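Combine both chains into one complex, guided by the hints.
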Amino acid sequence: MISAFFAIVRRDLILAVRLRAEAVNPVFFFILVVTLFPLGIGAETKLLQTMATGIIWVSALRAAMLSLDSLFRSDFDDGSLEQLLLSPHPLTILVFAKIIAHWLVTGLPLLIVAPLLAVFLGLPQQALGTLLITLVLVTPVLSLIGSIGVALTVGLRRGGMILSLLVLPLYVPVLIFASNAVAMAGNGYAVDAQINILIAILLLSVVLAPLPAAAALKMSMS
Amino acid sequence: MPDHFSTRQSLQARNLSCFRDDRLLFEGLDFTLENSQVLLLEGKNGSGKTSLLRIICGFREQDDGEILWCGNAIEDSDFFAQMAYVGHLDGVKKELTVTENLKTALALGRPGKYSLDQALEKVHLAGYDNSLVQSLSAGQKRRLSLARLLISSNTLWILDEPFTSLDKDGISLIESLMHEHITAGGMIILTSHHDLVLHESYVQKINLSPCH
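Protein sequence lines, in the order shown, are assigned to chains W and V. Position 82, counted from 1, in the first sequence is what this note's numbering calls 82; the numbers after and before it change by one each time, with no gaps. Position 100, counted from 1, in the second sequence is what this note's numbering calls 100; the numbers after and before it change by one each time, with no gaps.
Simulated from the structure, these hints should not be mistaken for lab results. As the structure is a prediction and not an experimental result, all values here were calculated from the model. Some hints could be false.
Stated by the list, open to error - Derived pair list, reagent style DSS-like, types lysine-lysine, alpha-carbon separation capped at 30 Å: (1) V:Lys94 to W:Lys218; (2) V:Lys94 to V:Lys168; (3) V:Lys94 to V:Lys205; (4) W:Lys218 to V:Lys141; (5) V:Lys168 to V:Lys141; (6) V:Lys103 to V:Lys113; (7) W:Lys218 to V:Lys103; (8) W:Lys218 to V:Lys44.
Chain V with its partners taken away, still in its complex shape (with noise of 0.2 Å):
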């Protein structure tokens, strides 16, 4: 596989901490994330998972500490136009057809690896190019928004339980998309209460236990 990603990249935190209505979601939280690795947090519900991908997205602000990107903060970097999320919501337009949504997807990004029938071909969904997507179920949909990552140039991807309402073929295909993207240098930080069957020496894990 050849390396698409000649530089080498890094998405570290500092420090960072987290509160929720005056609760104390995280603290003190570090990590470093580098080409070819993954980034799985654990935790229970409510633990914080979900409001870590927030703030790492620059949807929430940390209440202490700072994510850098290669060195950078994330304001001051080209972070925005080298990562992609996939969060619950799956960001696509029920009224449009499936196309649209990756055209416009693509419009909002940078043309990646994949063209947009690639991508379809990639995640099972060719011949659905004219469909509604409100017509799609929910695990084609899940597909559709995993589609996403596949056609605009991205090196990290942040997902958000991407596993959830896929069946067993879609599972493994998205295991193998992450493969993939992996060994072909790219980074992934996601949260999953699916066992992950990539291999042990890419995974990092922190586990968002409650501190109090």
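Pulled out of the complex, with its shape left as it was, chain W reads as follows (with noise of 0.2 Å):
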């Protein structure tokens, strides 16, 4: 099971750096957002840099669902989802498997990124630990949170709409408590709450999340 484990998270990491140009899509797109921002706004530094957080969050929210789709499709398209369907190994953890390796090749990119764009935004000093430390735990958040609803559309063929509709609601939260924690420790507050509840997400969205993406996957199969 182990062994099933990380050949799939391999498969799919030697995917991702065969089909480079997929793989950096969503990055770039989270560069290309934040940038025009200030070309957008112009010269105001204050109100951009009020608006930091924000343009942060929503580009990187944007940018993982972009990466989403991309999560089943190809495996649906060519038969290897069959495949991960019936293999003896519980469909679960090789689901799981697929979730860590779109993280890290569509979330680690975004923690290397953003705390440079924050930057670029003149996001205070004493918030960059603050925005690593809740894109380490958000970015997991995301895909485990949108791999269910890519495995409940993966068999539409226009699924990216009802995606949308299904996944950014139960994104809000995460949103909330992310950008508010950014936004307070800018301005020098403590923020060990939002952290603690963005944990708990995360650890409730480890455990939850793979058992009904598999499930789903199952559904569009037939």
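Given below as structure tokens:
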């Protein structure tokens, strides 16, 4: 079972390296959107500074959503998903492996770029650490919760719109707590409470998300 | 040929029926498949052959009836550890090499009779180990997905039109592999428009002619 888990992670990472152009798409989108804001708003440093948290989080959320469809799409199209479903190993574990690989490819790069872009937008120094911590906690949640939505819509040819409608409401709580934490940290307040809640959300989604995702995949298959 | 499957196994279907969009595909379907037997599904396009295979694989729920593996319901048995499926889709990643694909397949199941190299040799793909699957021809891809049957340990092969896009040599190759599997005590369920050369005594046929 462990070897099956790592085989799937390995396979998806190799695929991401072979399909580089597709894999960097979300990060590229993220950088583009964030850099466009200062151009659109103009040289109003104060305004940008206040909006920095929001801009970064909303762009990160959108970037994560863009990348979601790739989670199961190609496996669905070429029959690899059928083979996953027929494996004697629990599908939940295999789905979890796919989610981890997806996070490594799409979430991890955001962690690296986001602090740089935050400096670029003039986010206060003391908020940078909190931004990084919240990103570490939230990006896996985006992949985990998103996996349920993709699993439900992968059988539909044009599932993009429904996917957004399904997943966005579930993203809202993490968005609220994460951006609140970064904004509070910027003003010099303690953010332990928000961080604790985000940790709880992360742990809950690790335990609870792969299960319905696996069940939804089975449904999408029929 | 030694008997690889010492304990007797069976796949039993009782009173199966399947609807598709309010259209009855088949009903009251019964069959029992035991070691060293082949079940050949016949019928016109749209008669429900693939649907029946997908029901047996558990991708689809039957509308009535039950399927038993060694007397137990499929979910409560080791059915999935004992079966392998090759469907219309090859189930291989075109951006991965031949070996990478087979290694993933191997990790998902349990190691079987043949090693990777032996299996590639068997399906005449030796020397293609490090080729990307997208550079293979359709027939070679098919043979690669059939190689999956050889590297994992399984009793029951479920094959949906296994001869599609294979040339004459490919077809006789797969037939000899099927014959080897059957004489070693395996079971096969397949749909095919191609006449099987397997000995009559192994084969049972079900004709899914439209019931309306």
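Here is how each hint holds up against the structure:
1. V:Lys94 to W:Lys218: holds, 23 Å
2. V:Lys94 to V:Lys168: holds, 24 Å
3. V:Lys94 to V:Lys205: violated, 35 Å
4. W:Lys218 to V:Lys141: holds, 25 Å
5. V:Lys168 to V:Lys141: Holds - the C-alpha atoms of V:Lys141 and V:Lys168 are around 16 Å apart, at most 30 Å.
6. V:Lys103 to V:Lys113: Given that 30 Å is the threshold and the Cα spacing comes to 15 Å, the pair holds.
7. W:Lys218 to V:Lys103: With Cα atoms ~24 Å apart, W:Lys218 and V:Lys103 stay inside 30 Å; holds.
8. W:Lys218 to V:Lys44: holds, 28 Å
Violated hint for the displayed structure: number 3, the only one.
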